[in-house]
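Peer 1: Chain residues, written in single-letter form:
Protein chains: 2
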Amino acid sequence: MADFRPGTAEQEAFLDSLLESGLLIDSGVPGIYGRGGDFESVCSRFGRLITDAADDDGSETLRFPPLLPRRQLESTGYLKSFPHLAGTVWGFTGTEAEAVTQSERASCHEDWSQYQSMGDLVLTPAACYPVYPAIAARGPLPQGGVLIDVGGAYVFRNEPSGDPARLQMFHQRELVRIGEPDAVAEWRDLWRDRALEILRGVGLDVEFEVATDPFFGRGGRMMAASQRQQELKFEITGQIAGPEPTALASFNYHQHHFAETFGLELADGATAHTSCLGFGLERIALALFRTHGLELSEWPDDVHAGLEWK
Amino acid sequence: MADFRPGTAEQEAFLDSLLESGLLIDSGVPGIYGRGGDFESVCSRFGRLITDAADDDGSETLRFPPLLPRRQLESTGYLKSFPHLAGTVWGFTGTEAEAVTQSERASCHEDWSQYQSMGDLVLTPAACYPVYPAIAARGPLPQGGVLIDVGGAYVFRNEPSGDPARLQMFHQRELVRIGEPDAVAEWRDLWRDRALEILRGVGLDVEFEVATDPFFGRGGRMMAASQRQQELKFEITGQIAGPEPTALASFNYHQHHFAETFGLELADGATAHTSCLGFGLERIALALFRTHGLELSEWPDDVHAGLEWK
Numbered sequence: 002m003a004d005f006r007p008g009t010a011e012q013e014a015f016l017d018s019l020l021e022s023g024l025l026i027d028s029g030v031p032g033i034y035g036r037g038g039d040f041e042s043v044c045s046r047f048g049r050l051i052t053d054a055a056d057d058d059g060s061e062t063l064r065f066p067p068l069l070p071r072r073q074l075e076s077t078g079y080l081k082s083f084p085h086l087a088g089t090v091w092g093f094t095g096t097e098a099e100a101v102t103q104s105e106r107a108s109c110h111e112d113w114s115q116y117q118s119m120g121d122l123v124l125t126p127a128a129c130y131p132v133y134p135a136i137a138a139r140g141p142l143p144q145g146g147v148l149i150d151v152g153g154a155y156v157f158r159n160e161p162s163g164d165p166a167r168l169q170m171f172h173q174r175e176l177v178r179i180g181e182p183d184a185v186a187e188w189r190d191l192w193r194d195r196a197l198e199i200l201r202g203v204g205l206d207v208e209f210e211v212a213t214d215p216f217f218g219r220g221g222r223m224m225a226a227s228q229r230q231q232e233l234k235f236e237i238t239g240q241i242a243g244p245e246p247t248a249l250a251s252f253n254y255h256q257h258h259f260a261e262t263f264g265l266e267l268a269d270g271a272t273a274h275t276s277c278l279g280f281g282l283e284r285i286a287l288a289l290f291r292t293h294g295l296e297l298s299e300w301p302d303d304v305h306a307g308l309e310w311k
Numbered sequence: 002m003a004d005f006r007p008g009t010a011e012q013e014a015f016l017d018s019l020l021e022s023g024l025l026i027d028s029g030v031p032g033i034y035g036r037g038g039d040f041e042s043v044c045s046r047f048g049r050l051i052t053d054a055a056d057d058d059g060s061e062t063l064r065f066p067p068l069l070p071r072r073q074l075e076s077t078g079y080l081k082s083f084p085h086l087a088g089t090v091w092g093f094t095g096t097e098a099e100a101v102t103q104s105e106r107a108s109c110h111e112d113w114s115q116y117q118s119m120g121d122l123v124l125t126p127a128a129c130y131p132v133y134p135a136i137a138a139r140g141p142l143p144q145g146g147v148l149i150d151v152g153g154a155y156v157f158r159n160e161p162s163g164d165p166a167r168l169q170m171f172h173q174r175e176l177v178r179i180g181e182p183d184a185v186a187e188w189r190d191l192w193r194d195r196a197l198e199i200l201r202g203v204g205l206d207v208e209f210e211v212a213t214d215p216f217f218g219r220g221g222r223m224m225a226a227s228q229r230q231q232e233l234k235f236e237i238t239g240q241i242a243g244p245e246p247t248a249l250a251s252f253n254y255h256q257h258h259f260a261e262t263f264g265l266e267l268a269d270g271a272t273a274h275t276s277c278l279g280f281g282l283e284r285i286a287l288a289l290f291r292t293h294g295l296e297l298s299e300w301p302d303d304v305h306a307g308l309e310w311k
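Just so you know, the sequences run in chain order A and B.
Numbering-wise, the first sequence is residues 2 to 311 according to my numbering.
Numbering-wise, the second sequence is residues 2 to 311 according to my numbering.
Rather than coming from a laboratory, the hints here were simulated on the basis of the structure.
Mixed in with the good hints, there may be bad ones.
Copies of the same chain look alike in the list, so a pair counts if it fits in one copy or across any two.
In silico lysine to aspartate or glutamate, EDC-like type, Cα no more than 16 Å apart, as pairs [unchecked claim]:
| no. | residue 1 | residue 2 |
| --- | --- | --- |
| 1 | 81 | 97 |
| 2 | 234 | 187 |
| 3 | 81 | 208 |
| 4 | 234 | 111 |
| 5 | 234 | 210 |
| 6 | 234 | 303 |
| 7 | 234 | 214 |
| 8 | 234 | 41 |
| 9 | 234 | 208 |
| 10 | 81 | 183 |
| 11 | 234 | 39 |
| 12 | 234 | 261 |
| 13 | 81 | 111 |
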């Protein structure tokens, strides 16, 4: 299992207050929490703000389960960049006698890993991944490309932490733009302004910044430097339980990477560009509870109005 | 990986028509599909019918991610009854050099399983599982017990199949009742009638039946016989793509099993009983598309009204 990374005293105190208030529910594993009704309600109300804006842009709705074909993960280079964050799904294919031993060991909390073998599925590491092969399978893109609304999709990161803003399983409220390079860049600029407006509209103090992904190892530092230099990743950051601001939303511009991997072609046969924008629903809810207090009914009227509270 | 079970010719033809129409989206792994907007819309509209009814009963909303602590699965006996259906989550904890080899093997679609080790998490096998320890942690139940609305939760079954009604990852629209044995039985009877009414209200031809779980191996046949004799499981079945009717919803009465495992106590200190009701959202959507046709806009007016279509 991955090493546990403790949170700061402030982060762990915030987590305790969330658990005490019933906004989050302890599971026994750090980074895996149940959610109470108020927490869920904030996530779904915020998600609807994104749905409404994307609907106005003529987005197409697609949804995907939180599991991806292992073969697809193998093709994307994810295991080169983020081997430490990936999760694979294993299962039992043994005999009845082996099933008995496996069950007996498990019931004593002893090691039963030898009875499991790797299957065809992995946990989805980013909500946009299943979109590219799905769109590529349709053939060349229509003129102007496509905008896909993936909804609030569960993604997995193998990083147990005491910081409630660093979950192992969380929702990315994700939009994906595929098309001509100019159109993709224009869409990103549109949403930079719109995302700032939506987040500020619910009373969050946020900034737009050039950012990098948490690439693995020494080679990863070079990948991060190159990503920063080319300005391929931006984040909207805000304060949750410090010391540093946390990314509440993130834009990734993949240029032709996914299009080449999956064969996404423009109407004229050229390779498409892709970009995605993900809002971290749990992080946004945490920032809201941190900013406006743990008692949802006591939030300021303009925040309720911003969330179109009934 | 688990053996693939082909569907019947009728089931596979129905799957083909769903993929062609864009209602489902192929991933390359049987039983893992994306969903188009119309499919998603039917699932969420149907789910809301359950939400509205549960709200009227004073249910409490809780939500859980599709991963569960492995230790919890080990404690429930799931691996004795259903070892073939469970999924465990593995990850990488090796060196930088090992990460390079893992990535190289993976990119050639060669075996990289030796670099993965079993972690602390498993895929949630049933939407009710995380509820029991969460409620037990609160201490003795209030008088009358509790009714929990878990929403539409993703659950995993390791059973790749060519039948579109047998998914590896699907949504259980789940309610859980915990309380005195009489109260739990009364709740089940109430929902038997209500679930039939809701499903018939959207034009599905359904029946209520005593049922059994798909227990593993020879020992499992005895467990199934005992379950049937005690009438601990009921299903509401309907036709999708035959030959047999398929369970669209399922009631499980666990008596004191989960309450003893997790220490769920009544107000007077006695052991509680538990029961759950799960609607298979994808199966219900499939039954609706099979019954009313693949073109949502052409469904009968009374079905749209039954789904409170806007």
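Peer 1: 16 Å Cα cut-off: does residue 234 pair with residue 210 within a copy, between copies, both or neither?
Peer 2: within (9 Å within a copy, 55 Å between copies)
Peer 1: Treating 16 Å as the Cα threshold, decide for residue 81 and residue 111: within, between, both or neither.
Peer 2: between (32 Å within a copy, 15 Å between copies)
Peer 1: At 16 Å max between alpha carbons, let me know whether residue 81 reaches residue 97 within a copy, between copies, both or neither.
Peer 2: Classified as between: cross-chain Cα gap 10 Å, same-chain 38 Å, threshold 16 Å.
Peer 1: Should residue 234 paired with residue 111 be assigned to within, between, both, or neither, using CA atoms and 16 Å as the limit?
Peer 2: So residue 234 and residue 111 fail the 16 Å test inside a copy (43 Å) and across (31 Å) alike.
Peer 1: Quick one: residue 234 to residue 214, C-alpha cut-off 16 Å, is that within a copy, between copies, both, or neither?
Peer 2: Classified as within; 8 Å inside a copy, 48 Å across copies.
Peer 1: With 16 Å as the alpha-carbon cut-off, assign the pair residue 234 and residue 187 to within, between, both or neither.
Peer 2: Answer is within: at 15 Å inside a copy they meet the 16 Å cutoff, but 55 Å across does not.
Peer 1: How would you label the pair residue 234, residue 41 (within, between, both, or neither) given a Cα cut-off of 16 Å?
Peer 2: Neither: 28 Å inside a chain and 30 Å across chains, both beyond 16 Å.
Peer 1: For residue 234 and residue 39, with the copy left unspecified, which applies at a CA distance of at most 16 Å: within, between, both, or neither?
Peer 2: neither (32 Å within a copy, 33 Å between copies)
Peer 1: Is it within, between, both or neither when you check residue 234 against residue 303 at 16 Å Cα-Cα?
Peer 2: neither (31 Å within a copy, 49 Å between copies)
Peer 1: Within a copy, between copies, both or neither: which one fits residue 234 and residue 208 at a CA-CA cutoff of 16 Å?
Peer 2: For residue 234 and residue 208, only the intra-copy Cα distance (14 Å) is at most 16 Å; the inter-copy one is 54 Å.
Peer 1: Which holds for residue 81 with residue 208 at a C-alpha limit of 16 Å: within a copy, between copies, both or neither?
Peer 2: Classified as neither: same-chain Cα gap 30 Å, cross-chain 52 Å, threshold 16 Å.
Peer 1: Go through the copies and call it for residue 81 and residue 183: within, between, both or neither, with a Cα cutoff of 16 Å.
Peer 2: neither (29 Å within a copy, 57 Å between copies)
Checked against the numbered hints above, the structure violates hints 3, 4, 6, 8, 10, 11 and 12; every other hint is satisfied.
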